[in-house]
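Undergrad: Chains as they are written, first to last, in this note's numbering: chain C, 1 to 304; chain Z, 1 to 288.
Mixed in with the good hints, there may be bad ones.
Said to hold, decoys possible - Which bits of chain Z does chain C cover? Going by a derived footprint, with three or more residues having C-beta under 8 Å, they are:
1. 35-45
2. 116-125
Stated by the list, open to error - Chain C residues, not near chain Z, derived (Cβ > 12 Å throughout):
3. Met103
4. Ala111
5. Gly133
6. Gln287
Stated by the list, open to error - Subject to a maximum C-alpha distance of 25 Å in a straight line, what follows is the list of computed SDA-like cross-link-like pairs (lysine to any residue):
7. Z:Lys284 / Z:Gly23
8. Z:Lys195 / Z:Phe91
9. Z:Lys47 / C:Gln73
10. Z:Lys284 / C:Tyr135
11. Z:Lys195 / C:Glu95
12. Z:Lys284 / C:Glu117
13. Z:Lys195 / Z:Glu266
14. Z:Lys284 / C:Thr71
15. Z:Lys45 / C:Arg273
16. C:Lys140 / Z:Arg42
17. Z:Lys284 / C:Ser136
18. C:Lys140 / Z:Thr109
19. Z:Lys195 / C:Thr12
20. Z:Lys195 / C:Thr71
None of these hints come from the bench; they were simulated from the model.
Keep in mind that this is a model prediction, so the values were computed, not measured.
Note that CB positions come from ideal geometry on N, CA and C, so glycine has one too.
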Amino acid sequence: MTIIATQALTKTYGGGVTALADLTVAVDAGVIGLVGANGAGKSTFIKIMLGLIAPSSGSVRVFDLDPVVQTDQVRARVGYMPENDCLPQDVSASEFVTHLGRMSGLPRTAARERASEALRHVGLYEERYRQIGGYSTGMKQRVKLAQALVHDPDLLLLDEPTNGLDPAGRDAMLALVHRIGTEFGISVVVCSHLLGEVERICDSLIAIEGGRLLRADRISSMTEAFEVLAVEVSDGTDELAAALTQAGMTVTRDGRLLLVPMDSDATYDRILRAVTDLDLSLHRLDQRRHRVAELFTAKETVDV
Amino acid sequence: MSDTGVIHDIGYQRYEGVRLGRGASFLALYIHGLRAAFGFGRSAKAKIFPWLVAGIMLLVAVILAAVRSQLDQVIFTYVEYDDQMSWLVIFFVAILAPELLSRDIRSGTLPLYFSRPLRAADYVGAKFAAMVTAVWLLLGVPQLIMFLGAAFTTKTGASGVWNEFLDLAPGWGYSLLWALLFSSIGLLVASLTGKRAFAAGGIVAVFLITTPVVGVLSILTSTTANHLAGLASPMTLIAGVGNWISGGDSEMSMPIGRFGPVYAIEAVCLIAACLLLLLARYRKVAAL
Numbered sequence: 001m002t003i004i005a006t007q008a009l010t011k012t013y014g015g016g017v018t019a020l021a022d023l024t025v026a027v028d029a030g031v032i033g034l035v036g037a038n039g040a041g042k043s044t045f046i047k048i049m050l051g052l053i054a055p056s057s058g059s060v061r062v063f064d065l066d067p068v069v070q071t072d073q074v075r076a077r078v079g080y081m082p083e084n085d086c087l088p089q090d091v092s093a094s095e096f097v098t099h100l101g102r103m104s105g106l107p108r109t110a111a112r113e114r115a116s117e118a119l120r121h122v123g124l125y126e127e128r129y130r131q132i133g134g135y136s137t138g139m140k141q142r143v144k145l146a147q148a149l150v151h152d153p154d155l156l157l158l159d160e161p162t163n164g165l166d167p168a169g170r171d172a173m174l175a176l177v178h179r180i181g182t183e184f185g186i187s188v189v190v191c192s193h194l195l196g197e198v199e200r201i202c203d204s205l206i207a208i209e210g211g212r213l214l215r216a217d218r219i220s221s222m223t224e225a226f227e228v229l230a231v232e233v234s235d236g237t238d239e240l241a242a243a244l245t246q247a248g249m250t251v252t253r254d255g256r257l258l259l260v261p262m263d264s265d266a267t268y269d270r271i272l273r274a275v276t277d278l279d280l281s282l283h284r285l286d287q288r289r290h291r292v293a294e295l296f297t298a299k300e301t302v303d304v
Numbered sequence: 001m002s003d004t005g006v007i008h009d010i011g012y013q014r015y016e017g018v019r020l021g022r023g024a025s026f027l028a029l030y031i032h033g034l035r036a037a038f039g040f041g042r043s044a045k046a047k048i049f050p051w052l053v054a055g056i057m058l059l060v061a062v063i064l065a066a067v068r069s070q071l072d073q074v075i076f077t078y079v080e081y082d083d084q085m086s087w088l089v090i091f092f093v094a095i096l097a098p099e100l101l102s103r104d105i106r107s108g109t110l111p112l113y114f115s116r117p118l119r120a121a122d123y124v125g126a127k128f129a130a131m132v133t134a135v136w137l138l139l140g141v142p143q144l145i146m147f148l149g150a151a152f153t154t155k156t157g158a159s160g161v162w163n164e165f166l167d168l169a170p171g172w173g174y175s176l177l178w179a180l181l182f183s184s185i186g187l188l189v190a191s192l193t194g195k196r197a198f199a200a201g202g203i204v205a206v207f208l209i210t211t212p213v214v215g216v217l218s219i220l221t222s223t224t225a226n227h228l229a230g231l232a233s234p235m236t237l238i239a240g241v242g243n244w245i246s247g248g249d250s251e252m253s254m255p256i257g258r259f260g261p262v263y264a265i266e267a268v269c270l271i272a273a274c275l276l277l278l279l280a281r282y283r284k285v286a287a288l
């Protein structure tokens, strides 16, 4: 099911700054990574989807609704987690999320129940009765996520959810986002400038640069052809390369490494056999997935 | 093995209940603001100031009511009570307006509001309504106490109570005028900054700076200038309108001559202008 569809979406701010140019994508439900450098137009795209700003030209449909005209319906089904700090210091998380639940149109008791549910799902239990001012950055990010979840949206728009978190916090947040996307049945758009981070949890990726679409596709189709094995031997790299080529494999050299595309698990055995036949000492043999980043850079250079 | 004591993760539950419209959000935001005005749902620290002001105002009202009932003397009428309490009301406004608006700017909460069905006009409207109600209650409740003091000791029975009520009603109306004007000015100033102290200082400054202007104008030789002097400051502006409506140039009140309608027009325009500016400001904020 397509949840977000844009047609030649363009946004030009006053003063001639183009934030989005001719963006055409159709995105299926699931966890979607929206990747681009700072200033690539990610936040503008999110704001257009929320109906906060109108596109200069082109169209956008969210759940087949037009955010410009049917703003209320769209916003009722979408939860938004902004990038910046957006929490008051002197109220408890529980009160704050309840209040925002009511702002989303939940009745009072329902708002309170949903608020504690949402906070529980993001991993805040007893802490939720304490004032937000005393929370760590990780807890604050969780509150921000909880407020986006409180009204049970069908789509979450998360703007840099891992901002300011330490590596462990990042992993926890990404795992949570992944869980929301898979177990809760809520589609998630995760904005990030770190591709390596979102590619782990996303079903599909949209990469934009300078407001233009670089590529939009499902992660699986982006990576499947790019499973490679990296082989490193102490010396005799050239002999090994020759032997492998002779065995019918395409070998690329990358410094001291040999990269061999992996067709099946048998590739491991064939490489090992070649190494033992030549009586070389094997330093390393590991599977590496091409980072999606490399795909984009490759695509870019082709374009240029 | 027994299952008691085991907490089951029931997983994520979708919400199937009713979803109310923007009207309900408006109402919720209004009540939220009104509660915040008196520190409900906030820390004990937040309750001190509003209740200090309210306490003083109630105390004065109780004293007035006691004097009225025991000695049968009217120290302040309902309208004069508002004028006498003006500085307390200004301090209340100076604390409350930043509490309602600057706080949201400071903590960056606005994007969270405006990514929900709420619009800029709803937000401004709910905050304004909450503040007007709070200021009106601050003045209206003491006036009610004064009324009760007078009504229970009246010597002319039901007609005495009714006459007293006819005095109270314009007093309440006058309080509403105070609430409308002071709320609109206070909120406009507060919407310009996220720093609460600056906003509070700014609001007090608006009233402090304009007061001497009135003083200067009112000692000029021209009678017209004297009569129009009150227009320069919000406090004397309201006093002038009250004067015009009540129709009397008593010794206590502002001399306004025949310029009563000018005062009324300026008051209405000032309130409308402040609200429109607020709205324009939040239109821009809502678009981020």
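Undergrad: None of the hints should be skipped; say for each whether it holds.
TA: Okay, the hints, checked on the actual structure:
no.	hint	result
1	35-45	holds (count 3)
2	116-125	holds (count 3)
3	Met103	violated, 5 Å
4	Ala111	violated, 8 Å
5	Gly133	violated, 10 Å
6	Gln287	holds, 34 Å
7	Z:Lys284 / Z:Gly23	holds, 22 Å
8	Z:Lys195 / Z:Phe91	holds, 17 Å
9	Z:Lys47 / C:Gln73	violated, 38 Å
10	Z:Lys284 / C:Tyr135	violated, 31 Å
11	Z:Lys195 / C:Glu95	holds, 23 Å
12	Z:Lys284 / C:Glu117	violated, 34 Å
13	Z:Lys195 / Z:Glu266	violated, 30 Å
14	Z:Lys284 / C:Thr71	holds, 17 Å
15	Z:Lys45 / C:Arg273	violated, 76 Å
16	C:Lys140 / Z:Arg42	holds, 19 Å
17	Z:Lys284 / C:Ser136	violated, 32 Å
18	C:Lys140 / Z:Thr109	holds, 13 Å
19	Z:Lys195 / C:Thr12	violated, 32 Å
20	Z:Lys195 / C:Thr71	violated, 32 Å
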